[in-house]
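Line by line, the protein sequences give chains A and B. Sequential numbering of the first sequence, starting at 1, is according to this note's numbering. Sequential numbering of the second sequence, starting at 77, is according to this note's numbering.
If you are wondering where the hints come from, they were derived from the structure by calculation, not from laboratory data. Don't take every hint at face value.
With a straight-line Cα cutoff of 16 Å, these simulated EDC-like cross-link-like pairs (lysine to aspartate or glutamate) come out [what the hints assert, rightly or not]:
1) K375/B with D257/B
2) K228/B with D31/A
3) K324/B with D371/B
4) K382/B with D236/B
5) K324/B with D31/A
6) K398/B with D257/B
Please read these numbers as outputs of a predicted model, since none were measured by experiment.
Chain by chain, the residues:
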Amino acid sequence: MCLAVPMEVVSIEDNVAHVEVGGVKNSVRLDIVDQMPAVGDFVIVHAGFALRCLDRQEGLETLKLFQDGLGLELVK
Amino acid sequence: MNLSNEFRDPDLCRRVLEQIQHLADSPFRFMEVCGTHTVSIFQSGIKSLLPENISHLSGPGCPVCVTHDLEVNTFLALAKMDIRLATFGDLMRVPGSRGESLKKAQAEGAKVDIVYSAFDALQLAVNNPSQDVVFLAVGFETTAPTVAATLKVAAQQQGDNFFVLPMHKLVPPALQALASDPETRVDGLLLPGHVSTITGIEPYMFLAGDHNIPAVISGFEPLDILQSVLILLRMHREKTPAVINNYKRAVADQGNPRAMEVMQEVFKPVDTAWRGLGNIPGSGLSLRKEYLGFDAREKFQPAPVKPEANPGCRCGQVLKGKILPPQCPLFSCVCTPAAPVGPCMVSTEGSCAAFFKYSL
Ligand code: SF4
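Input sequences plus hints: build the corresponding full structure.
Pasting the structure below:
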């Protein structure tokens with residue numbers, strides 16, 4: 001029940017974002033998300049609410065560090 | 077592009093695994109405290125790939141599993157009243173002290189609706205104004221703000237038929253209790269990614285500072301988990317315990333202040349009892365004065381059956397990492413997912429259920 005999944009924002013109406021991942025569509029509330037997402041952003045979705053916008057740049061950087069040297073410098 | 081796929085790259089996973097194998101020359105026990113980690117570690121095969129020296133323990137990371145008997149008996153008592161209950165599906169089969177469950181109550185005529193969110197439960201109340209609706213509010217810091225936000229909306233609305241039964245639990249105080257328990261033997265902690273999305277890193281600092289336990293906030297893809305285990309292992313070997321955020325794409329060090337604020341506006345911390353861990357100071361949430369009108373306990377005064385110890389079920393020891401599920405005498409003979417004796421076998425995220433599904 002703690003499951004939270006990243007989903008892509010396809011449209012926004014007031015306080016609700018319509019999100020989608022792998023063909024699964026959903027509507028989520030934006031009352032507690034850390035910052036307002038834009039269409040195309042990924043948000044972490046849990047129990048009908050968006051919790052946070054995924055930081056793509058951080059994600060890509062982590063990956064690059066994994067690829068370059070297993071990312072261990074990242075965490076020092 | 078969905079970034080998650082990249083964090084499953086088999087080639088990168090293999091390279092991290094090789095490093096872990098290389099360093100695992102003495103026993104190392106790490107614990108995760110998140111149902112999604114439990115499932116991911118089994119499902120991805122990580123459990124079977126880790127070297128023998130590395131043991132994985134599932135701690136108190138599944139909200140359903142740590143819900144106390146008294147709380148279960150309380151919502152079962154509510155089910156006997158003229159109330160419509162709205163719940164996450166996970167609670168349906170959790171057995172109460174007398175073997176009843178919401179599922180059985182439903183078969184006997186109780187009104188129980190499975191909802192996907194607290195907000196859906198509020199909608200149910202709005203659409204059925206003549207019926208009292210109670211939402212069963214379980215979950216950690218990830219879920220509590222969604223309930224708080226829903227109550228803020230409810231407070232602005234007309235209706236007076238929506239209530240919640242607060243049973244939330246907070247993760248850092250439970251880790252404090254675990255770390256202070258001399259019987260707990262854990263060399264490193266994998267911290268729950270989504271709880272941390274809300275709390276940030278600060279509430280975990282005491283693990284390294286006061287207890288010398290290395291801890292890493294981890295994501296849920298195989299690469300995230302392997303990487304986090306490797307970081308834990310390194311800190312353990314080098315005797316340099318620290319608390320590290322290895323899930324930066326989803327967790328800001330300061331967490332989500334907006335969600336924390338909403339949660340703190342509606343709830344305040346209270347002492348609460350966890351299954352298996354007992355009473356833990358400041359580890360639960362009760363409604364603040366302004367929101368007490370939504371409290372189902374206040375409104376309906378349910379009289380729960382007194383909890384009795386469940387003979388044989390060793391969930392408590394499983395949750396503390398003292399035994400693995402197969403060491404419970406009831407595991408897989410008397411207690412199975414089809415006929416669960418304890419909550420650790422009910423929820424798919426429970427340690428016993430995961431062991432049953434993936435190890436047998
Ligand atoms: S196997 Fe069943 S009885 Fe044993 S600890 Fe797990 S849930 Fe309890």
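For each hint, the structure was consulted:
no., hint, verdict
1, K375/B with D257/B, "violated, 37 Å"
2, K228/B with D31/A, "holds, 10 Å"
3, K324/B with D371/B, "violated, 36 Å"
4, K382/B with D236/B, "violated, 30 Å"
5, K324/B with D31/A, "violated, 22 Å"
6, K398/B with D257/B, "holds, 11 Å"
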